[in-house]
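Q: Single-letter residue listing:
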Amino acid sequence: MAWVRRHLLFLAAVLVLAYMLVPNVVVAVFSFNDPVGRYNYTWRAFSLDAWANPCGAAGICQSLGLSLRVGLVASLTATVLGTMVAFALGRHRFRGRAGTNLLIFMPMATPEVVMGSSLLTLFLMMGLPAGTLAITIAHIMFCISFVVVAVKARVATLDPRLEEAAADLGATPLQTFLRVTFPLAFPGILAGALLAFSLSFDDYIITNFTASPSSVTFPMYVWGAAQRGAPVQVNVIGTLMFLVALLVVVAGQALAARRERSRAG
Amino acid sequence: MAEAALAPGGPARRRRRSWVPYALLAPGLLWLAVFFVAPMVTLGSQSLQEGNVYDGYTLTGNVGIYADAVGKYWPHLLRSVGYAATATVFALLLAYPLAYFMAQKAGRWKNVLLVLVVAPFFTSFLIRTLAWRTILSDTGPVTEVAQALHLTDLLQLLHLTNNDTLLSSKFAVIAGLTYNFLPFMILPLYAALDRLDPRLVEAAGDLYASPWQAFRHVTWPLSLPGVVAGTLLTFIPAAGDFINSRLLGNTQTVMIGQVIDSQFLRVLDYPLAAALSFVLLLMILGLVTAYVRRAGTEELV
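If you read the sequences in order, they're chains X and F. Count the first sequence with this note's numbering and you get residues 1 to 265, in order. Count the second sequence with this note's numbering and you get residues 1 to 301, in order.
With the rest of the complex left out, here is chain X (with noise of 0.2 Å):
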């Protein structure tokens, strides 16, 4: 009982961490099950059909290359201009300040649905149809305030007297930005330009108002099979994504640990 009271708070982060992984394990043992009839709920034997055959399921690797692409593109273009208005706000004075801050923080504290619903209607009014296009532009608006968040941070730590340096030693403001601001604010680029494509990826709500029946994603593929029962493909295709989003954080953090130590030593 003294243990118990000694280590109070370690039981109790353990137990939050519990609670936050459970449905990542229960994901990947059911990824191994084989249901009878539609629904993936309950354990009944163990088989590797599902991996065997990970786009067994009618329509499942479609969605996925659609969600791929549409990360792809949304992610890469948000940071070009997220990135953009994260050096304007970290590096220069301007007017407008306060209202740029407002534009960018608004998004990030509106509710999904009211975006997606606002998007549907003036969609409707300019006739654009619902699809691709439509999914894409509402994946960049909804990213370009966490990648200037991300890259703002990364901004703000970075000693103004290094670029001032450069000047003194002769570089031109665009030598400058390529050879010493931007290798140093990378990281915080690189982790907005992931943090952007991972909630493109996983997005449900606001495609759900733009999408159209022809252009599924993988959420949308997932919430329409959870009406009829999901295959056993959809906590495959869940596994794996768990597997290699591991493996970049993993690498990403030895990487910056290899270099803190290179420039330590």
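No wet-lab data here; the hints were simulated from the structure. All values derive from a computational prediction rather than experimental measurement. By construction, the Cβ of each residue, glycine as well, lies at the ideal position given by its N, Cα and C atoms. Warning: the hint list may mix true and false statements.
Covered, in the sense of this in silico footprint (three residues per stretch, anywhere, with C-beta under 8 Å from a C-beta of chain F), are these stretches of chain X [to be verified]: (1) 44-56; (2) 85-91; (3) 113-125; (4) 153-159; (5) 176-188; (6) 216-228; (7) 249-259.
If you want a taste of the chain F side facing chain X, the calculated C-beta under 8 Å gives, among others [stated by the list, open to error]: (8) 98; (9) 101; (10) 115; (11) 121; (12) 141; (13) 143; (14) 273.
Since chain X is already given, all that's left is putting chain F on it; use the hints.
A: Below, chain F without anything else, positioned relative to chain X:
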């Protein structure tokens, strides 16, 4: 706003031309103006139009639609705010110990824990919410343990469930909302607590503060920016969410997002749906503004 601190001046900057920041801002802000601000205008305009999808709509300035919308769906609006607020409180209670442990006690395990906290995001959140249906299923071990411990009776007594199972209930929806937005609470709390100097807490102890007093007067006030950011990042998306209420709830737990979604995409009553959407936005902006005023933290971005 601390503008001087955000944009430290320097000789390098003064050499730059004044149009540069505007050129950097223009594409991004233009995108937001056209695809975030303009839609708010068309949403407002749509709510004041009358007609139908087939014959088209005409702007009639039918303000009465707002009274209709609120009159018909106020239970859903209140329910959404109630569920989101409850989930936010639970998320804060759960996130604080974990964030504190990560920031102050984890040592070299800090980075591992940070990865574990964002790890849930690595799997699509729809798939994870579906996993809760497996976890809380009527014949699953969680339900059996809860029944054995009479927790199901307690939940029924609190009107959080309707029978001795857990799924398809208010309880499941709130647990799902808490779960889904927990990382948004943990990360800002962690950021705030990571900056907390442990010597301040030690000093409070040296000055004969009890651990509770030290927490109340030192740790908690210093973590407030994280608390404010975390509660906003949890409450706002939770109030508009309908995935949890749809997948884990029943017909008595329908949230306003679900109503807006079905009015727009299935019932095709655009003016009513637009009015509801606008009411939700105004309600959240009102609540958030009042909350931020009270908490006294205006600098959030």
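Q: Between the stretch 153-159 of chain X and chain F, see if three or more residues pass the 8 Å beta-carbon test, and mark the coverage as holds or violated.
A: Violated, because only 1 residues of the stretch 153-159 of chain X bring their Cβ atoms closer than 8 Å to Cβ atoms of chain F.
Q: Quick check on the hint: residue 121 (chain F) CB to chain X CB, less than 8 Å?
A: holds (6 Å)
Q: Report holds or violated for chain F covering the stretch 176-188 of chain X, Cβ cut-off 8 Å, minimum 3 residues.
A: violated (count 1)
Q: Closer than 8 Å between Cβ atoms is the bar; does residue 98 (chain F) clear it against chain X? Give me holds or violated.
A: holds (4 Å)
Q: Quick check: do three or more residues in the stretch 44-56 of chain X have a beta carbon closer than 8 Å to a beta carbon of chain F?
A: n = 0 at 8 Å, threshold three: violated.
Q: Given as covered by chain F, does the stretch 249-259 of chain X meet the bar of three residues or more with CB within less than 8 Å?
A: holds (count 3)
Q: Given residue 101 (chain F) as an interface hint, is the shortest Cβ-Cβ distance to chain X below 8 Å?
A: holds (4 Å)
Q: In terms of beta carbon proximity below 8 Å, does the stretch 113-125 of chain X have 3 or more residues touching chain F?
A: Contact hint for the stretch 113-125 of chain X vs chain F: holds, 11 residues under 8 Å.
Q: Tell me if residue 273 (chain F) is really an interface residue toward chain X, meaning its C-beta lies closer than 8 Å to one of theirs.
A: holds (6 Å)
Q: Has the stretch 85-91 of chain X got at least three residues whose CB is nearer than 8 Å to a CB belonging to chain F?
A: Answer holds; 6 residues pass the 8 Å Cβ test.
Q: Just to be careful: measuring from the Cβ of residue 143 (chain F) to every Cβ in chain X, is the smallest value less than 8 Å?
A: violated (12 Å)
Q: Report holds or violated for the interface hint on residue 115 (chain F), using the least CB-CB distance to chain X and a cut-off of 8 Å.
A: Nearest chain X Cβ about 6 Å off; hint holds.
Consistency with the previously given hints fails for numbers 1, 4, 5, 12 and 13, ordered from lowest to highest.
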